[in-house]
Amino acid sequence: MTTPTRLPDDPHGELQQQRWAQADRFALTAALFEGSLAVAAVVLGWALGIDPFESYRWNAAAAFWGVAAIVPLLGLLAWSMRSAWRPLRSLRRFFDISIVPLFQPLSIVQLAVLSILAGVGEELLFRGIVQAGICHGIGGMVGTAVGLIAAAVLFGLAHALSPAYFVLATVIGFYLGGIWLWTDNLLTPIIAHAGYDFLALCYLARFRRE
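Each residue of the sequence shown is one higher than the one before, starting from 42 at the first, in our numbering.
One or more hints might be untrue.
To be verified - Estimated spans, in silico, between C-beta atoms of each pair: (1) A119 x W87: 39 to 45 Å; (2) P204 x F248: 26 to 32 Å; (3) Q58 x V187: 50 to 56 Å; (4) F94 x G181: 19 to 25 Å; (5) W87 x L195: 15 to 21 Å; (6) D92 x S124: 24 to 30 Å; (7) I138 x L69: 28 to 34 Å; (8) F74 x R130: 39 to 45 Å; (9) V187 x D92: 15 to 21 Å; (10) G184 x L143: 35 to 41 Å.
If you are wondering where the hints come from, they were derived from the structure by calculation, not from laboratory data.
Note that the structure is a prediction, hence the values are computed from the model and not measured.
The beta-carbon is built from N, C-alpha and C at its ideal position, and this holds for glycine as well.
With the hints as constraints, model all of the structure from the sequences given.
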């Protein structure tokens, strides 16, 4: 939970209390939504006969590659923040006005929890159910290709706040799907996804300056 501080023009701290309460409600809503994706993955898996945890195995190598896989994603973030391409400039303005203010009041712990829930929930759904289900259902190289494309595009659509963000999210979807195919371990894209989300949110909400 966030800790309120008193503003100079708010001697009784009432406005600040309201702001922190709104931030806590947003954090709870976002956490419930991301957590519901994991539940949805389990329910869909049960209905379709797919185990979303089938390729999940804890081992040091998978964890290492998950951490290493964060680096290219941060490179993509750095490029997107500096690019003069008009759609990306518009996307940055949209984030600065509509998205970043939602996360700025949140604590580091809250950002970490949301990032972990997003990494687990979204990877279970898009890689553990969609991609794995199509790959195994069709089989062979065709199934692998169709599963990768379908999961990446659906991942992009789920994040389609704008055409530019759809493209970026789809590229990230291909990247995470490729990592899963390469390691055959869902742990790797989960760590990469959660770690990237956490660092990106910390940068955008806490450290970025125009």
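How the hints compare with the structure:
1. A119 x W87: 39 to 45 Å: 41 Å Cβ-Cβ, so the 39 to 45 Å window holds.
2. P204 x F248: 26 to 32 Å: holds (27 Å)
3. Q58 x V187: 50 to 56 Å: The hinted range 50 to 56 Å holds for Q58 and V187, with Cβ atoms some 52 Å apart.
4. F94 x G181: 19 to 25 Å: Holds: the Cβ-Cβ distance is about 24 Å, inside 19 to 25 Å.
5. W87 x L195: 15 to 21 Å: Once the Cβ atoms are compared, 20 Å apart, the range 15 to 21 Å for L195 and W87 holds.
6. D92 x S124: 24 to 30 Å: violated (40 Å)
7. I138 x L69: 28 to 34 Å: violated (23 Å)
8. F74 x R130: 39 to 45 Å: violated (28 Å)
9. V187 x D92: 15 to 21 Å: holds (20 Å)
10. G184 x L143: 35 to 41 Å: At 39 Å between Cβs, range holds.
Consistency with the previously given hints fails for numbers 6, 7, 8, ordered from lowest to highest.
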